[in-house]
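Asker: The lines below spell out each chain.
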Amino acid sequence: MVSASRRLRGRGALFIFLTTLPALAIITIFTLYPIAFALWSSFSFYDLTNPEKTGFAGITNYAGALQTTGFQHSVEASIVFVIASFFLVVGLALGSALLLNEKFRGVKYLQVIVLLPWAIPIVVAGLMWRWIYDSNYGILNFALQSLGVIPSYQAWLTQANPAMALLIVAYAWSEFPVSTLLILAGLQSVPKELYEAAVVDGARAFARFRRVTLMPPQSSPITSIVTSSPSTMLVELVH
Amino acid sequence: MGESERVKRGVRTRRIFLYLFAVLLALWVLFPIVWTVLTSLRIEAEVRTVPPSVTPTTINNYWLLVDFAHASKLFVTSAIYFVPTIAAEMPDALRNSTIIGAAIVAINLTAGSLAAYTFSRLKFRGRWPLFLYAIASRLLPGVAVIIPFYVIIRTFGLLDTTLAVFLIHAAYTLPFSIWVLYTYLFTVPTDIEESALVDGYSRFETLRKVVFPVIWPGLVAVAIFSFMFSYNEFFFAQLLTTTAASHTVPVVVAGIGGELTTPISLVAASGIVAMIPPVVIFVIFRRRIMSGLASGAVK
Chain Y
0 MVSASRRLRG
10 RGALFIFLTT
20 LPALAIITIF
30 TLYPIAFALW
40 SSFSFYDLTN
50 PEKTGFAGIT
60 NYAGALQTTG
70 FQHSVEASIV
80 FVIASFFLVV
90 GLALGSALLL
100 NEKFRGVKYL
110 QVIVLLPWAI
120 PIVVAGLMWR
130 WIYDSNYGIL
140 NFALQSLGVI
150 PSYQAWLTQA
160 NPAMALLIVA
170 YAWSEFPVST
180 LLILAGLQSV
190 PKELYEAAVV
200 DGARAFARFR
210 RVTLMPPQSS
220 PITSIVTSSP
230 STMLVELVH
Chain F
0 MGESERVKRG
10 VRTRRIFLYL
20 FAVLLALWVL
30 FPIVWTVLTS
40 LRIEAEVRTV
50 PPSVTPTTIN
60 NYWLLVDFAH
70 ASKLFVTSAI
80 YFVPTIAAEM
90 PDALRNSTII
100 GAAIVAINLT
110 AGSLAAYTFS
120 RLKFRGRWPL
130 FLYAIASRLL
140 PGVAVIIPFY
150 VIIRTFGLLD
160 TTLAVFLIHA
170 AYTLPFSIWV
180 LYTYLFTVPT
190 DIEESALVDG
200 YSRFETLRKV
210 VFPVIWPGLV
220 AVAIFSFMFS
230 YNEFFFAQLL
240 TTTAASHTVP
250 VVVAGIGGEL
260 TTPISLVAAS
270 GIVAMIPPVV
280 IFVIFRRRIM
290 SGLASGAVK
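Sequences listed follow chains Y and F, in order. Here the first sequence is numbered in numbering that gives the first Met the number 0, starting from 0 and rising by one per residue. Here the second sequence is numbered in numbering that gives the first Met the number 0, starting from 0 and rising by one per residue.
Which stretches of chain Y does chain F cover? Using the computed rule of at least three CB atoms under 8 Å from a CB of chain F, they are:
hint, region
1, 14-26
2, 94-101
3, 105-111
4, 114-121
5, 133-145
For the record, the hints were derived by calculation from the structure and aren't laboratory data. None of these values were measured; they are calculated from a predicted model. Glycine residues also receive a C-beta, built at the ideal position from the N, C-alpha and C atoms.
Okay, chain Y solo, but in the shape it has when bound (with noise of 0.2 Å):
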């Protein structure tokens, strides 16, 4: 122990030098002067016909931005977006883990087809679902209308309330498969013990759930995973 720690003195400062410079290299160039220009640039003025004529510009153009109705809309329906498909996506992968847990033929083949959304960039699950939504051929018109939900074939996405429900619903598909496997991830590391000691209280299933399954805190990962990077398949689908 005692030699340990003096190798680590003689030679420490070399390996921490060798291990922790690539990545940190890495992560300083597109980290720390991006967030300086940002911040720079939004504070100073160009003007695009005399590129010389640049200066500091104060608050003005925060003020302009918020100021702007279609940033103020787009803001609105940025919170909306997070906040729906987050419920839909949590509860969406807690069912779908909770069901892949169990034991039952050919779960080990539902896992993997649970995952198949991941494999598929958002931007091409974004083209396929407008394809399901298209307004003259797609197959959801086509299904709501021989059920008899809908007299005809409606343009969706030019809907604002149907086009963001239908955008929540195919985001919720996108992104739901990595959910499912963190939280599965999560149950499976549950240890037995604690459910057997559960059942020996007497807990009733429902609150074996709540405070064996949901308590420890590994469902935390969730929310960085959710909220992560919506605007692609926004542009993508509402474009």
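Position chain F against the provided structure of chain Y, taking the given hints into account.
Answerer: Frame of chain Y, contents of chain F only:
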């Protein structure tokens, strides 16, 4: 007797519900994919029909994506079958995306795991701030930094190269990988490492012979997550690439699908082709991926 009968019936009901939900889940996941496959196997006039009909009639859409120069001469006449020239880039895009993805996996497994090891095992001044700095950069929203990214890449003279896409994907995946492996290393006991050091192994030997074999589930998780990020990423790739030399799969598919005149069946085929590399990886490494993630590497 009545008690055991009731238990048996309860088990059977549970079983039925399990299979019901399993079928629903499979349908929900597979339907859009199956629908896309069916769409891709028809010519344009047969796709745009009411009611939709689904019998496969042609593989020409795939032929176009695999061998554009040859196939387009054979059956594309611009009047009825407008095809954007970017469709010719599909083989290049598959190559670019796979190379970038493999390089991203490599950099995360090397630079990422080394940094995570040092941050978790070695005590040195500035360790905590440096670690926070390394992982906090992941919080940057892409849209806010896209212009500076462009400027940096242009300054390096790397516009329209796979290296540029690689660098940005590396900057985005490394913080996550360092964080995952750092957390994972805390769950691994340090006694063996320490006795290896006492026995005269160097740090690098200890890493290779003792640490890596123990943390393989974490390495699997890091590899698969960073590959999928890189393979799916569209925003930066779209901005930094302009030709087949560096276009990635999402960029080419978006290019094909972005033209309103493109046959939807060709768009569908390109979407299916885009799925192939990750699906092949899932199928080959399924066991490793599932057990790697299930052992709690990502928390």
